[in-house]
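Enquirer: Sequence:
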Amino acid sequence: MHRKFIAAAMLLAFAVAAAAAPAMAQEEAKFKQFHSIVDYKFVAKYAKMPKPKNVMIIDSRPYKPKYVDGYIPTAESIPASQFDKMTDKLPKEKDALLIFYCGGLACPLSHKSAFAAEAMGYTNVKVYAAGFPDWKQHAPYYSIGLENLNARINEGGNYLLIDARPYKKFLDGAIPSAIGIPERDFAAKRGLLPEDKTGTTLIYYCGGHACALSHKSAVMARSLGYRNVLVAEAGYPGWKEMFGGAESAVVAGEAEGAVDTAWFLKTIEDNPDAILLIDVRDPEEYAAGHFPSAVNMTVDMIEKQAKDIPTDKPIVFSCATGARAGEAYYLFKDMRPDVEKVFYLEATNSFGEDNSYEVHPNK
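Going by the working numbering, the sequence shown opens with residue 16, and the numbers climb by one from there.
Mixed in with the good hints, there may be bad ones.
Computed beta-carbon distance windows for the label pairs [as the list claims (entries may be wrong)]:
1. Thr138 x Lys183: 40 to 50 Å
2. Ala202 x Met316: 48 to 58 Å
3. Lys79 x Gly206: 44 to 54 Å
4. Lys319 x Lys66: 52 to 62 Å
5. Ala202 x Leu120: 33 to 43 Å
6. Lys104 x Asp369: 55 to 65 Å
7. Arg199 x Thr138: 32 to 42 Å
Calculated directly from the structure, the hints in this document are not laboratory data.
This structure is a prediction, so every number in the text was calculated from the model and none was measured.
Glycine residues also receive a C-beta, built at the ideal position from the N, C-alpha and C atoms.
Given these sequences and hints, build the entire structure.
Expert: Below is the structure:
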């Protein structure tokens, strides 16, 4: 009886397999596969900055919503549906390496575009058939469009936007909500990155598509164990063109949590509403003179009202010597770990009765 049952089961399995085989063959035959397929390792050699010469990686998916929500670094968007209208974006050299990709093994778009490019006379055309899903699975980071970044800024959420350019560039203008951690200072400033390495998304940008600083910073962030790392390749030049320039962004200082003094002074002079400045000295000290834009909350008040403090803009704590401001910073960070953009002024400050002030950075 047992042998009969096994035999019947085997016959049933063969029958199912036989029925499935034509279906699988039909599935594979839904679109014509390009003849030259490459894998992640091949693509990774070229998806880097600075861009290799005579190479173009091409995303064949629709620009919105697919490309802007995530793409292989350095890739150009030439949707398959628009290929004939966008051939001017292709290299002039017909021997240039063209790597097309789209949404994975079941996506025909990259194959269609590859055949079209070959028909135009390009002689070195490849298809990364596993596409963007495979890239996300294996690569240290991927890139996003500014439309995606803008949505993240408007929606809030657990992200930290980081400008990898030199401070002077950053002070001249930056994307809203960004802090400045220049790529060259990455090692010295890594303590400014969030403790949460899995839940917080780090988004780097720099001086546009030709700038490598954000890509280098992203790789270094991954080496520290951060799991969610993105690059907004269009950077500040692209942001200005698409959305206009930002008037303020936060520059990190030398000490953990400290704000850059030069940036602070420029901000309270030119754009004081860009930050929430909280003077944590006693009320009588505050009454005798303070930064014109500062509100007064002692450390005790902050401890009691931390949950009510607005977080829609960067918060900077100040006092007379930096000591109480630092205390307020660490207290607030403990009570509101969800808030990333909070800093304190590590400086010695003096005030006049007319709210004039002198600021001397602590060494």
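Enquirer: Report the numbers of all earlier hints that the structure fails to satisfy, in ascending order.
Expert: 2 and 3
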